[in-house]
Amino acid sequence: MAQSPGNRSERLASWLESRAPLSGVVEFLRHKEVPWHKGTFFYLFGGVALLLFCVQVMTGILLMFYYVPAPEGAYESVLLISAKVPFGWLIRSIHSWSANLMILALFIHMFSVYFMRAYRPPRELVWVTGFVLLVLSMTFGFSGYLLPWTKLSYFATKIGTDVTKVIPVVGEGMRNFLLGASEISGPTLTRFFALHVAILPPIFTIFLGLHLLLIQLLGMSQPLGQQKARGIPFIPNFVLREGIVWVVVLGLLAVLSVYLPWEVGEKADPLASAPAGIRPEWFFTFMSQSLKYIPAKVMGMEGEALGVYAIGAGGLIFFLVPFWDRWSREGRRHWLVTAYGVAVIVFLATMTSLAYFKPY
Amino acid sequence: MVFSALGAAAVFLLAAPESRAAAPQPDSCVQCHRALPGKLGAPAKMLEADIHAQKGFSCVNCHGGDPASFDVKVSMSKEKGYTGVPKPAEIPALCDKCHGDLAFMRRFSPSIAVDQHKAYQTSVHGQRLAKGDVKVATCASCHNAHGILPAAHANSTVYAPKVAGTCSKCHADKAYMKDYKIPTNQLENYLQSVHADLLIKKRELSAPTCNDCHGNHGAFPPAVSSVSGMCGQCHVNNRDLFVKSPHKPAFERMKLPECVVCHSNHKVVRVSEAMIGDKSPAVCVSCHAAGSPQLRVAAGMRKQIEDLKSLIHRATEELEKAERLGMEVSEAKFSMKEARTMLIKVRTQVHSFALKEVEKEAQIGNKVAQGALQTALGALKEFEARRRWVILPIVLTVVLALLLFLKLREMERKSPGGV
Chain A
0 MAQSPGNRSE RLASWLESRA PLSGVVEFLR HKEVPWHKGT FFYLFGGVAL
50 LLFCVQVMTG ILLMFYYVPA PEGAYESVLL ISAKVPFGWL IRSIHSWSAN
100 LMILALFIHM FSVYFMRAYR PPRELVWVTG FVLLVLSMTF GFSGYLLPWT
150 KLSYFATKIG TDVTKVIPVV GEGMRNFLLG ASEISGPTLT RFFALHVAIL
200 PPIFTIFLGL HLLLIQLLGM SQPLGQQKAR GIPFIPNFVL REGIVWVVVL
250 GLLAVLSVYL PWEVGEKADP LASAPAGIRP EWFFTFMSQS LKYIPAKVMG
300 MEGEALGVYA IGAGGLIFFL VPFWDRWSRE GRRHWLVTAY GVAVIVFLAT
350 MTSLAYFKPY
Chain B
0 MVFSALGAAA VFLLAAPESR AAAPQPDSCV QCHRALPGKL GAPAKMLEAD
50 IHAQKGFSCV NCHGGDPASF DVKVSMSKEK GYTGVPKPAE IPALCDKCHG
100 DLAFMRRFSP SIAVDQHKAY QTSVHGQRLA KGDVKVATCA SCHNAHGILP
150 AAHANSTVYA PKVAGTCSKC HADKAYMKDY KIPTNQLENY LQSVHADLLI
200 KKRELSAPTC NDCHGNHGAF PPAVSSVSGM CGQCHVNNRD LFVKSPHKPA
250 FERMKLPECV VCHSNHKVVR VSEAMIGDKS PAVCVSCHAA GSPQLRVAAG
300 MRKQIEDLKS LIHRATEELE KAERLGMEVS EAKFSMKEAR TMLIKVRTQV
350 HSFALKEVEK EAQIGNKVAQ GALQTALGAL KEFEARRRWV ILPIVLTVVL
400 ALLLFLKLRE MERKSPGGV
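Chains as they are written, first to last, in numbering that gives the first Met the number 0: chain A, 0 to 359; chain B, 0 to 418.
In isolation and in its complexed conformation, chain A is listed as follows (with noise of 0.2 Å):
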């Protein structure tokens, strides 16, 4: 007697339960449910982060099969990578753009994050993660851009790099530790490239699984000063609304990627003179157009060391802001916190186009 199709599926899950007891986490899913309000809209871009850190590694593990981290043929590489090797100049593009939208994105979500006071316990550690995870991608960022060994990467890498000998006691050896040599040579490539393929994408999983083990744990955070507010179902109406804004983004990459593809620029020369006009990636100029107009001397302490600590405990303050801010805690909005988001975002925006549109 043949048997029934339902039959045969009820088998199959009860063969795969047998197996693999995941019905809880199904069970789970079905139920989940996210808070429906004006701020939902920026729950989407910490999707969007994680489509874009997936794209980030399909990309680079294509582009480890012809990159050469040595300085006799990284530049030769890329340049092999996109003139020769097929499709090769699309990968690197897209490889490129999405590091760039994949660090835009996690700063609007960590601001939507910062503004709907969502850190407010129990979910400090939700917000700790999440901050980790954007330090980790901008040292992806950061390693990442000397790879290509281009005469703009070379220069801004050092420049990077000597920001780290204002740091006290432990400045200067960790510069030589990130360097592998006195000045940014082999060594500092091999390193970077290893920071950038082997060490940071564990770390950044690792990170990645707790972020998103306690969001699922503790349930996405409620507006301020609701006890409840309405909920739509995870799956399939959240996930249908994020997979609009992936395709959306995906359409814009593929957009981006042709239409304004990554230069591959000239080959380091570290006997040649720094080039004028260089600059770190967009998510670091903040701070070093900002140590452009601290004095040499202040107080009699240096003006860039000082420059640093201040981005530094401003930073700091940011990060902590989960541990001082009492009134969320109490279900109330208080301007300070409001205030000083405002203030780092008018800062950082500042920052950044001045040294677009006038740097010196």
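Think of the hints as simulated: they come from the structure by calculation, not from any bench.
Beta carbons are placed, not taken as given, at the ideal position from N, Cα and C, and that holds for glycine.
One should not assume that every hint holds.
[To be verified] In the DSS-like style, the derived pairs of lysine-lysine whose C-alpha atoms are separated by at most 27 Å in a straight line are: (1) Lys-157/A - Lys-366/B; (2) Lys-366/B - Lys-355/B; (3) Lys-266/A - Lys-355/B; (4) Lys-380/B - Lys-83/A; (5) Lys-150/A - Lys-366/B.
[To be verified] Here are the computed distance ranges between Cβ atoms for each label pair: (6) Met-300/A - Arg-202/B: 42 to 52 Å; (7) Ala-273/A - Cys-233/B: 48 to 58 Å; (8) Ser-184/A - Ser-263/B: 49 to 59 Å; (9) Ser-184/A - Arg-323/B: 26 to 36 Å.
Starting from the known structure of chain A, fit chain B onto it as the hints suggest.
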């Protein structure tokens, strides 16, 4: 007896240079003259920077006397060998005492020339001096009498970029040169030349100045037939092509000064295509008649250069355009260096005055530039193709996003709010 004579000679030869070096301390000449004003004090004050003083020489080595004595009647007495200020006619021989002695000079500079005096004697300056003309240049006229610096020193009067200025101290002075009946506009012309632009403005020390063509110590106006040899010191290929060309025997017959006929002598301006062709301002028309076969060759050569130049220009523009659009054309850009080298070769080949040879070189350059141009055009075409193809994923994206949106709307209509 013979051995004694040889021994004495050896002692003399070995001892003589020793006596020329290292002035004894204290040096009364320097100490007293340094305190004197004006012309009498200036030489002592200039001594410190002087290359001779740095090597241990002092006043006594040229002027004689006894620097150990502070009694002027002793130190500047004839008995002590004091000779005073040497007369212009005596200067070359005085300098040659040391500078003509290879064994002595080797101690300070192993590769230094010691034939300056001999060369000077063959120069117009040296020959006129021998005839009693004391207005002509001697060693001190160019190198200075005191405060003499090595020629490679940037403050030296004979440092390459300063040589033209040094020579023109006399040669551009109409009153001073009146008796010699030679032009005095050499400096004015030279300063307008490509050579001066390179040497004086751009500090390209391999560019020529007066002494590179006229000789320095053996300064002499070059003979008409030796001009190509002189210019050919640097412009080797141009010279080789010229001496095999039909112009060489023709110029010899007509006693024309070879390269100078087209390029001038002191006012050698930067060359351009305009110099060649069958119409003014091409230099060819100043000798060849309109419609002559020679002018047809000149026009043909001009066309070859201009065609290659314009092809290189177009290929460069298209490559830059492709590069700006993010296309990878570095190999083709690199090959343009070869095309530009070929353009230089074609311009050089003009000195053969053989159209076929010029065409042969131009063809190689054309091939390279054409290849680069095709690469650039190919890259631009590919860029356009990419832009067209990206429409497909955009359409797919829009359709997919729309479908998802419709699905969501339908779903939420059935169950308002999605809850």
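Evaluation of the provided hints:
1. Between Lys-157/A and Lys-366/B the CA atoms are separated by roughly 42 Å; this puts the pair beyond 27 Å, and the hint is violated.
2. For the given pair, Lys-366/B sits about 17 Å from Lys-355/B by alpha-carbon distance, which is consistent with the 27 Å threshold.
3. Proposed proximity of Lys-266/A and Lys-355/B is contradicted: the alpha carbons are some 41 Å apart, above 27 Å.
4. Distance restraint check for Lys-380/B and Lys-83/A: the Cα-Cα separation of roughly 16 Å lies within the 27 Å cut-off, and the hinted pair is therefore satisfied.
5. Under the criterion of a C-alpha separation no larger than 27 Å, the hint pairing Lys-150/A with Lys-366/B is inconsistent with the structure, at around 32 Å.
6. Checked against the hint of 42 to 52 Å, the pair Met-300/A and Arg-202/B passes, with Cβ atoms roughly 43 Å apart.
7. The hinted range of 48 to 58 Å is not satisfied by Ala-273/A and Cys-233/B, whose Cβ atoms lie roughly 36 Å apart.
8. Taking 49 to 59 Å as the suggested C-beta distance range, the pair Ser-184/A and Ser-263/B conforms, at roughly 52 Å.
9. At about 31 Å, the CB distance of Ser-184/A to Arg-323/B agrees with the hint of 26 to 36 Å.
The structure fails to meet hints 1, 3, 5, 7 from the earlier list, while all remaining hints are met.
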